[in-house]
Amino acid sequence: MTSPFRTPDGGRIDRATTVEITFDGQTLPGHPGDTLASALLANGRHQVATSIKLGRPRGIAAAWAEDPGSLVQIEAPFPEPMLLATTVELYDGLVAHGLPGQGRLAEVPDSARYDAVHHHVDVLVVGAGPAGLAAALTAARAGARVALVDEQSEAGGSLLSGTDRLDDAPASQWVAAAVAELAAHPEVLHLQRTTAFGSYDDGFVLALERRTDHLGTGAPRHVSRQRVWRIRARSIVVATGAHERPVVFADNDRPGIMLAGAARTFLHRYGVLPGREAVVFTTNDSAYDAALDLHHAGVQVQAVVDARPEGSPRRDECEHAGIRVLSGAVVTGTQGVERVTHALVAPFADGEVGASSAIGCDLLLVSGGWNPAVHLFSQARGRLRYDETLGAFLPGEELDGLAVTGSAAGGFDLAGCLADGQRVVRAALTALAIPPAGEDPLPAAPEAVIPAAPLVLWRVPDTSGAEGSTSFVDLQRDATVADIARAVGAGLRSLEHVKRFTTIGTAHDQGKTSGVLTSGITAELLGIPVQDTGTTTFRPPYTPVAFAALAGRDRGRLFDPERVTALHQWHVAAGAVFEDVGQWKRPRYYPQPGEDMEAAVLRECAAARTGVGIIDGSTLGKIDVQGPDAAVLLDRLYTNLMSSLKVGSVRYGVMCGVDGMVIDDGTVFRLAEDRFLVLTTTGGAAKILDWMEEWLQTEWPDLRVHCTSVTEQWATFPVVGPRSRDVVGAVFPDVDVSAEAFPFMTWRDATLDGVPVRLARISFSGELAFEVYVNPWYAVAVWQRLLEAGRPYGITPYGTETMHVLRAEKGYPIIGQDTDGTVSPHDLGMAWAVSKKKPDFVGKRSFARPANADPLRKQLVGLLPVDRETVLPEGSQIVEFRADGQLPPPPVPMLGHVTSSYRSAELARPFALALVRGGRERIGDTVHVPVNGTLVPVEVTGSVLIDPEGARRDG
Amino acid sequence: MQLIACPWCGPREEVEFSYGGQAHVPYPDSPAELSDEQWAHYVFFRDNPKGRFAERWNHSAGCRRWFNAIRDTTTYRFERVYRLDDPKPLATELASSRRSTAP
Ligand SMILES: [Zn+2]
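Just so you know, the sequences run in chain order A and B. Each residue of the first sequence is one higher than the last, beginning at 1 in the UniProt record's numbering. Each residue of the second sequence is one higher than the last, beginning at 1 in the UniProt record's numbering.
These are computed hints drawn from the structure, not numbers from a lab. Note that the coordinates shown come from a computational prediction; the quantities given were computed from them, not determined experimentally. Don't be surprised by glycine CBs; every beta carbon is placed ideally from N, CA and C. Be a bit skeptical, because a hint or two may be false.
[Stated by the list, open to error] Partner residues are not named here, just some residues of chain A that face chain B (Cβ under 8 angstroms, in silico):
no. : residue
1   : F204
2   : E699
3   : D702
4   : S846
5   : F847
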């Protein structure tokens, strides 16, 4: 296969190797070093897709990330939407098709790896064009720690696209030597295919390295596909170049219309002729290079159309080559269906367009000047200024730690860019106190030809009769001059509003070609200076970044740490169904064959209430509080008195915030005069340790107390039920487990085969219960001993669901489920846990507010559905009928809501806990809960539904 | 992402820190003697200035120490970090802040 538009030689492609790709079902040849766009052009294909709203044919309009036209979907080797043909490097087996503005996500999981690396440098240089390479070399020679990142496949920047010479040789030789010199410096990191896509505070830059995308199916599995570099730089040099700007005219969107500089890139870098017959439309001198280079490569250049009345001093060069130059002329429109066939050219003077005539062409090159790529500067909150001469926005102030150089700073001659790159990095090194190297030569560049002043021309007046409705500003959004006029006509003055009204700049390319045009056209329509409209805000990312890359390794099981207890494998083997409690995986219930959750929970509850059950409670938060003032600290943080607790005893306590609302609860063991073990809820463990440390450091630094988390140092197994004493007594024969010797709310140390074990009589179920604490290394062994000893009694492992039912039957609240940050201990019916003796504790003063004594506060009560059948959905609202048996008129007052709701094996009916306004006064009343559109009558009861005297628990 | 200079550890990434609200709001000596309004001011009322603000920060994923900082709420710049037992710096002690991206 041959590619009809491939030049016979030249370019930076590997002509010895041919690869095959499939585009829109057509097999096409290309070479390594091509992009998908250059391969399409080499085969004479300009149109890539149709446009998103209007369905107009669209093609390749630029040569890199600024292209608004060539959106493609990759189908193989891995499906990926919304890439630009101009930035997809070619590899064998690539299958792609054009996209009308919108792609679709892959239906198969992404099996590639993505990762991230942190990197710290003295100097980060972004862009490996002439200015960036000069800067990186100077920094490297000075011995600085340097990173140089560049988004292209190879270094060189604009030098890859032209015919420049340095040191009297092709510039590519200097580029190769510079790259080799950088590689020899051990403190230099040089990354190609790496886009710095965001600059943030304090010299922080994110860059995306595409490591294997260009290898296709040849990508090694063990290498991450893309890597996010998190670079912290003491100084940043932005040498990101400039984007060529189009001029807007009628029907400026046809395939075959492209930026003039892009045509040079396709010719010199990829060895591709983007057409046979070209018209070049320009407002500045840079496009003359494109006209002449294409002419020398064999393209018939029909005319150079220069909008400037005096044209250019380069006119003679063109005419010498036989190229017609029309000065004071513009392109007013185009003809052609799927490809441009004619440019309509008309005289242009003082803003007035004359009669047009058609010039045949299959390629229309456009240059309206150059926009410096100031994105990273602007993201770092640098202010931009409008330059009248260039018609572009430039960095408008000096920033500490970030300098812009080269054409990104508005310099467009090669010698000047090289010198400026060296100058700015030397200033940066001086600020970092790094002396420059003695030997630091720059290559000799030919003396710059002073270009004639460009003309700032945003748009050609529309003489086609379409009134700007085919004059495209943002090709990806199908947004036109007419749309901007409509926005301005609707009264919009702010460019940010115009952007949102027209959607210009909101597509895949983020307005790289359309942004400044919109500023200029809006200013023109409003009759104000462009400086006054400014630009819309530049926000990261500079080019699209896949979520997979941002996620890196933090996906799937690594997205959030999973915490498992020492018994996890046992739970898995026992068929547990798990639930997430914070980061913990906890068994929710253990279904037996044929059981659903409801059946399993009823069975597990019955076992704990009538025989014996056992649960893995290891996730409970545990904090070791030590020091001579430990008791003082706990007295200040708990609502009740902890200093009076005897060594060997356990006390339940509640903690409140300064606002008097409950933040956590749990039991406290006194291990010694100066040592306590504080148990918190599973979810509250970290928060309560933070809380203790905050008070100790910020308010009470005089207290001699240390706190440390011991959650993972103790596996914890509550053994629960009337037969729990038999089980624990059998496993620990040396411990007197009688009620007299080992009463409720005490703890005892024991040993099992020499392993220290702590036993405690605590009950979160209301049943006789023992908690067994042991080092997790011995957890499985101790758990199995307990199961063994419990077998005669049918010991039943149970999960969190049964735990919740058992505690709710006793009215024990779960902080965060039955409370919501507006609930005081008194609201929970726990006035008994609030000390009246202590002069102060955190929250005490708030209890004295009159609002806390309001009898109409929401209080925790029980609810029993009268039908003995309905399980009220948690979160349901509670309403009441008026005395006449009718609902009050809407809005019906809400009395509160259901906080916990279960089916009870013991009660043989469903029940619930609820926060109800004036709830304790309503005990015995009937209120209503709307469930699926019907009002379910429920009886209000006390919150303790089983064994209110606590006889079982204390037994 | 900003760097925050922990007085104990030096400059560290912002994600290692947690915010603790306005600094120099001590727990009252005798809460019981305060009126409801005075107590409400301690519990709920905090300044919200545009410009310099004395704040509490905790190096929660580092040394876990609390410290105070003067931060400009318009630029986000930390102008001074200081220990809890240091006095609040006077405005005259603080250098005029400059626009900067460098650490
Ligand atoms: Zn620290």
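Going down the list of hints, with the structure as the test:
1. Using the Cβ-Cβ criterion of 8 angstroms, the hint placing F204 (chain A) at the interface with chain B is satisfied: the shortest such distance is roughly 5 angstroms.
2. For E699 (chain A), the shortest C-beta to C-beta distance to chain B is roughly 5 angstroms, which falls under 8 angstroms, so the interface hint holds.
3. Annotation: D702 (chain A) was flagged as interfacial toward chain B, and the flag is violated, the nearest CB pair being 11 angstroms apart, outside 8 angstroms.
4. Annotation: interface hint on S846 (chain A) holds; nearest CB of chain B at approximately 7 angstroms, less than 8 angstroms.
5. Given the 8 angstroms rule on beta carbons, the hint for F847 (chain A) is violated: about 11 angstroms separates it from the nearest Cβ of chain B.
Checked against the numbered hints given earlier, this structure breaks hints 3 and 5; the rest are met.
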